[in-house]
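Chemist: Sequence:
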Amino acid sequence: MAEQPSAACDEAVCLFRPCPACPDGVNCLNLLLRIGGVAAGRVLETNILQTYVHVVEEGSFAAAARRMGISRSQASKYIADLEQDLGARLLQRSTRSLRMTDLGQRYYDRVRPILDDLRCANEDIREASSKVAGRLRIGVPKIYMMTTLQPVLADFMEEFPDVTLDLVLTEGRSDLHQDGLDAAIVGGRLPDSTLFARRLHTVSAMMVAAPSYLAEAGFPAAPEDLAEMRCLHHTLISESGVWPLLRSGEVIWQRVNAVLQANNWEMLQTAAVSGQGITVLPVSLIADDLASGRLVQVLADHPIEDVVIQLVYADARHATAALKAFLDFMTQRKFA
Numbered sequence: 001m002a003e004q005p006s007a008a009c010d011e012a013v014c015l016f017r018p019c020p021a022c023p024d025g026v027n028c029l030n031l032l033l034r035i036g037g038v039a040a041g042r043v044l045e046t047n048i049l050q051t052y053v054h055v056v057e058e059g060s061f062a063a064a065a066r067r068m069g070i071s072r073s074q075a076s077k078y079i080a081d082l083e084q085d086l087g088a089r090l091l092q093r094s095t096r097s098l099r100m101t102d103l104g105q106r107y108y109d110r111v112r113p114i115l116d117d118l119r120c121a122n123e124d125i126r127e128a129s130s131k132v133a134g135r136l137r138i139g140v141p142k143i144y145m146m147t148t149l150q151p152v153l154a155d156f157m158e159e160f161p162d163v164t165l166d167l168v169l170t171e172g173r174s175d176l177h178q179d180g181l182d183a184a185i186v187g188g189r190l191p192d193s194t195l196f197a198r199r200l201h202t203v204s205a206m207m208v209a210a211p212s213y214l215a216e217a218g219f220p221a222a223p224e225d226l227a228e229m230r231c232l233h234h235t236l237i238s239e240s241g242v243w244p245l246l247r248s249g250e251v252i253w254q255r256v257n258a259v260l261q262a263n264n265w266e267m268l269q270t271a272a273v274s275g276q277g278i279t280v281l282p283v284s285l286i287a288d289d290l291a292s293g294r295l296v297q298v299l300a301d302h303p304i305e306d307v308v309i310q311l312v313y314a315d316a317r318h319a320t321a322a323l324k325a326f327l328d329f330m331t332q333r334k335f336a
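Heads up, the sequence shown is in UniProt numbering, so the first residue is 1 and it goes up one at a time.
Certain hints may be false.
Cut-off 30 Å, straight-line C-alpha distance, at most; resulting in silico cross-link-like pairs (DSS-like, lysine-lysine) [to be verified]: (1) Lys324 with Lys131; (2) Lys334 with Lys131; (3) Lys334 with Lys142; (4) Lys324 with Lys334.
Hints listed in this document are in silico derivations from the structure and should not be mistaken for laboratory results.
Make the full structure from the sequences, and use the hints.
Modeler: This is the structure in structure tokens:
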């Protein structure tokens, strides 16, 4: 039974030329799908095609079965299923010989290079995925990049010179999918998510204000006073205007009077130094301000909970070798 091209064959979707809409056509996408058993309601597995190739090359079902690591009866069933799907006899069998029909020869000539290409593609992808190389797109908070991360990333690039880092500086939380990120460094508590996270370290934060503001408004005597005083709030701490304070080792979430909200630490630092209110800032950012007296700590007996810095990513089971290397490097790093 000769091959019949699909009546709906479209030359625009042919993988090769000529198209089976033409008299001698082969290699059309429609025909490949038909050969693959899609028309029969199931996708033909590549091991069935591989079995056919091995039967032809080995000259027997038994030898082909050994090469495939299956039983002779399974190999025979594969070929029978293949012939049924195609509606054509590929092999002439007798007790003494096994030979291809004309259609069987034509099918072998078509399928053999396709399987070779598939094998090469698989090997290429396996090799690429196992090599620590390629491009990683990482979301990094701007302030964290300035104060902590630069020497860490320099060490990573020295150890893995074939990896290119594409850093996306952020102010708030990163969206891996929307921003096209492989991973992101985030601070603070994570919302419920399908993402995975690895803890890197913690960052100390402090509640501070300028002496000029405190001279006018007075020092807060208790956390509850923050609900009445002017506060400058970073949305990374919380979306709802509450701050995590420690009382006897327990975290209490204190609502504050957030007269200014921003997702930029430097903006809040500038506002605090100019006397606009009380804020929470990373200690590493305000070390000079504290030393010079431009900012002073408030409510020292109710310190701010340390900010947990985490590395978030999607399921790493199918991650590239480069991403796995980055995740491992970052989690094994000792941060100062």
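Chemist: Given the proposed pairing of Lys324 with Lys131, does the C-alpha separation stay at or below 30 Å?
Modeler: 11 Å, holds
Chemist: Given the proposed pairing of Lys334 with Lys142, does the C-alpha separation stay at or below 30 Å?
Modeler: 20 Å, holds
Chemist: Given the hinted pair Lys324 and Lys334, is their alpha-carbon gap at most 30 Å?
Modeler: 18 Å, holds
Chemist: When you check the alpha-carbon spacing of Lys334 and Lys131, does it fall within 30 Å?
Modeler: 25 Å, holds
Checked against the numbered hints given earlier, this structure breaks none of them.
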